[in-house]
Amino acid sequence: MGRYVARRLLQMIPVFVGATFIIFMMMYALPGDPIAALWGERAPDPAQMAQMKKELGLDLPIMQQYWNYLIGVFQGDFGIQIASRRPVMDVIGDALPATLRLTVLAFVFTAVVGIAMGLIAGLRAGKKTDSSILFVTLLLISVPSFVLGYLVQTYFGVKLGWITPSVQDSENWGELLLPAMVLAALSLAYVARLTRTSVAENRRSDYMRTARAKGLTQRRAVGVHLLRNSMIPVVTFLGVDLGNLMTGAIVTEGIFNVNGIGRAVFRALNTREGSTVVGIVTFMIIVYLVVSLLVDLLYAVLDPRIRYA
Amino acid sequence: MRAATRLSWAIAATTVLALTATSCGGGNGTAGGSAGVVRASWGDPQHPLEPANTNEVQGGKVLDMIFRGLKRYNPETGEAEDEMAESIETTDQQNFTVKIKPGWTFSDGTPVTASSYVDAWNYGAHLENAQIASYFFQFIEGYEDVHPSDENATPSADTMSGLAVVDDHTFTVRLTEPFSLWPETLGYAAYAPLPRAFFDDHDAWLAKPIGNGPYKIDTYTKSQSMKLVKYEDYAGPDKAQNEGVELRVYTDNNTAYTDLQAGNLDVIDDVPASQLSNAEKDLGDRFINQPAGIIQTVSFPLYDPAWSSPEAAKVRQGLSMAIDREEITSKIYFDTRTPATDFTSPVLGDAGGYEEGLCGEFCTFDPERARQLIEEGGGLPGGKVTLSSNVDTGSHRQWMDAACNSINNVLDNTAACTVNPVPTFADFRNQVTNRQMTGMFRTGWQMDYPLIQNFLQPLYYTDASSNDAVYSSPEFDRLVNEANSASDEEEAVAKFRDAERVLVQDMPAIPLWYQNGTAAYSTRVSDVKLNPFSVPVYTDIKVS
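Those protein sequence lines, which keep their order, are chains A and B.
For what it's worth, full-length UniProt numbering labels the leading residue of the first sequence as 1, then goes sequentially.
For what it's worth, full-length UniProt numbering labels the leading residue of the second sequence as 1, then goes sequentially.
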């Protein structure tokens with residue numbers, strides 16, 4: 001187990017370097033010069049441009065720029081933004097708390113409600129409850145999140161006035177609840193469907209018959225035996241989804257005006273702030289890597305037959 | 001054991017949900033806003049909030065609230081009026097003596113003196129300070145020493161030789177050449193004075209800028225919000241009529257509009273395009289739609305032999321007459337653009353140099369005459385023309401399609417004009433500044449100050465900084481020079497108008513439309529208006 005984890009952690013290094021390299025090169029390959037764009041429609045000032053490039057190290061060959069960037073990252077320095085002159089770490093630090101809150105809420109919502117819905121549907125497979133849950137999830141999958149977002153915003157925010165249409169204070173968990181539900185809607189539907197299929201299938205398996213035969217209550221048979229065995233595909237999905245929820249919130253963050261990572265990366269892409277994009281993406285890569293390691297370790301917890309050497 | 005863990009998870013999760021559900025009710029309390037404070041939409045400023053480092057409207061909004069310079073543009077007429085200036089005197093339009101009013105203070109309590117100006121201008125001009133709007137100081141003698149134009153040169157001086165402090169309230173300015181309207185440019189934020197704190201602890205100043213304007217910054221959370229409060233010791237005449245302003249960053253102006261409708265926000269200064277058709281119905285009088293100091297044009301690559309021949313001017317005029325401006329501005333822009341009839345902007349006013357209809361028939365849609373002119377000029381080069389613009393912002397794609405269609409209908413040839421969309425703004429500007437255009441391309445101009453000079457000289461003077469068409473006319477240059485050395489404003493404006501008439505004949509660019517500024521406000525506030533730069537005049541807003 002320990003060796004397995006160590007090996008996985010070591011594998012992260014090439015993935016990390018490779019991914020940052022690709023993103024760095026992609027940002028560099030985009031047409032247009034981010035420094036010239038500072039002047040907008042006006043002709044840039046050549047002396048000023050040369051001066052700024054020198055200061056930011058953008059006049060160096062691209063490989064050297066990447067090398068400097070990598071060295072910086074290992075020292076905890078993610079570079080500074082071109083236009084605003086803020087350290088990228090500050091930008092990420094400002095945006096991260098809101099995103100984390102939103103993600104945690106959305107994730108909890110997805111997991112709790114999704115699994116509950118899936119379990120109910122799976123146990124009553126083919127019945128009316130099942131059909132209606134399938135219908136609702138199909139609806140959630142097919143409605144794009146911006147439609148849902150604007151609907152919720154207009155109805156609850158403007159018509160009913162239950163909430164403020166936008167998030168006023170991203171440190172207030174209550175205000176983030178509705179955006180989190182909108183964000184979670186799609187994953188929730190997937191989780192419910194995955195759980196349902198898994199549960200419906202395992203319900204008829206031998207170990208369930210054994211469990212019932214030895215006199216276990218329905219509750220214990222389902223809660224301990226059935227659910228645990230049905231969780232493997234769901235856990236895999238939830239793991240990947242955690243990353244998606246964090247990065248994929250651009251639309252939801254925009255609609256509800258949450259100052260988060262999605263918004264920061266969108267802005268940075270528009271203004272071609274390479275160092276910010278690479279910094280945020282690097283951070284997301286680390287999140288994905290750690291989560292996928294955790295998911296793999298969870299398999300062994302759920303199914304003792306799986307062992308890691 | 002595991003079952004227990006799972007159970008505790010479930011309990012924890014339910015608790016979180018329950019907690020959030022209860023705190024949800026409390027969220028509504030913040031909707032009212034504090035008494036007397038205007039809640040307004042904002043965007044993240046692109047650059048640090050230094051006066052000479054701001055060239056976009058969001059940063060400009062803040063500077064307009066926390067700084068006052070020598071002059072201020074009257075929010076209604078656009079005229080430059082003395083603000084901190086007691087007098088600005090000259091006998092030769094080149095050497096100016098500036099006297100400032102006593103009694104002004106920065107919000108940290110220090111007095112505003114002549115050196116506050118001279119130091120600030122020297123800072124703004126110096127190459128090493130990397131200020132985006134340095135070019136504002138280019139008319140001052142010694143600018144070339146602190147900010148050489150050559151790419152690899154280093155500054156040979158620390159300060160500009162044209163600036164000298166005489167006493168606490170007087171300083172002199174020497175320009176490199178006569179420029180009669182120069183005092184009128186001084187209302188721009190780049191010319192603001194700076195306190196000692198700016199130079200002594202720059203980082204602290206940037207975190208919370210200090211100025212001499214009607215507001216001072218209370219708190220500033222980057223990329224989220226800024227709270228400004230009334231500066232009680234403000235010495236100017238335009239004291240704030242409210243207790244303060246809370247600027248909130250919105251990335252999506254649709255969200256800001258929704259917040260305004262829900263009574264959650266008081267002022268927005270950019271009504272989203274998708275709501276324009278409803279805005280008037282939704283808001284009635286609370287929707288503002290008025291001309292801004294922005295003109296949209298289409299330029300021609302005069303460096304391309306195909307467009308530089310003398311006859312090509314007729315083709316350019318013909319193309320101008322083939323575009324149905326009325327139709328496009330009403331159908332695509334819902335009248336938030338006004339068809340252009342000269343090369344300036346209505347915000348200048350008649351005295352300032354705007355002249356409706358100066359462009360005459362050449363800016364009027366007339367298919368018959370358009371066809372005739374294009375034919376006389378030898379037809380389109382190669383039988384067709386492209387129209388290029390970036391398409392990542394604005395609704396450029398839509399109007400380009402419409403303009404091309406209009407031209408094609410006039411010429412009765414579906415392939416005469418084609419749209420060449422460039423994905424990003426940065427890429428598009430790169431192509432323009434590298435002189436790679438072969439057909440028509442979009443150019444727009446947002447004025448720096450409401451002066452006719454600013455709409456003509458930087459755009460059409462030989463080798464001027466934003467002369468994207470690479471237009472060069474000795475006649476135009478001569479008239480501009482004459483205007484700049486004219487002894488009074490009226491004469492200068494008349495000369496500039498003459499220069500503008502040269503443009504109509506040569507048509508290096510087609511004036512399309514004047515852009516309007518839009519704004520909307522809630523029932524909680526009144527007296528909302530936009531200044532010539534389309535920024536709300538926050539000091540005048542009253543909160544009920």
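Some hints here could point you the wrong way.
To be verified - As a list, the in silico EDC-like pairs of lysine to aspartate or glutamate whose alpha-carbon atoms are at most 20 Å apart:
{"no.": "1", "chain 1": "B", "residue 1": "K101", "chain 2": "B", "residue 2": "E83"}
{"no.": "2", "chain 1": "B", "residue 1": "K227", "chain 2": "A", "residue 2": "D94"}
{"no.": "3", "chain 1": "A", "residue 1": "K159", "chain 2": "B", "residue 2": "D282"}
{"no.": "4", "chain 1": "A", "residue 1": "K53", "chain 2": "B", "residue 2": "D150"}
{"no.": "5", "chain 1": "A", "residue 1": "K53", "chain 2": "B", "residue 2": "E151"}
{"no.": "6", "chain 1": "B", "residue 1": "K222", "chain 2": "A", "residue 2": "D33"}
{"no.": "7", "chain 1": "B", "residue 1": "K208", "chain 2": "A", "residue 2": "D90"}
{"no.": "8", "chain 1": "A", "residue 1": "K53", "chain 2": "B", "residue 2": "D92"}
Don't read these hints as lab results, they were simulated from the structure.
Checked hints:
no.	hint	in the structure
1	B:K101 <-> B:E83	holds, 9 Å
2	B:K227 <-> A:D94	holds, 17 Å
3	A:K159 <-> B:D282	holds, 14 Å
4	A:K53 <-> B:D150	holds, 15 Å
5	A:K53 <-> B:E151	holds, 11 Å
6	B:K222 <-> A:D33	violated, 25 Å
7	B:K208 <-> A:D90	holds, 16 Å
8	A:K53 <-> B:D92	violated, 40 Å
Checked against the numbered hints listed earlier, the structure breaks hints 6 and 8; every other hint is satisfied.
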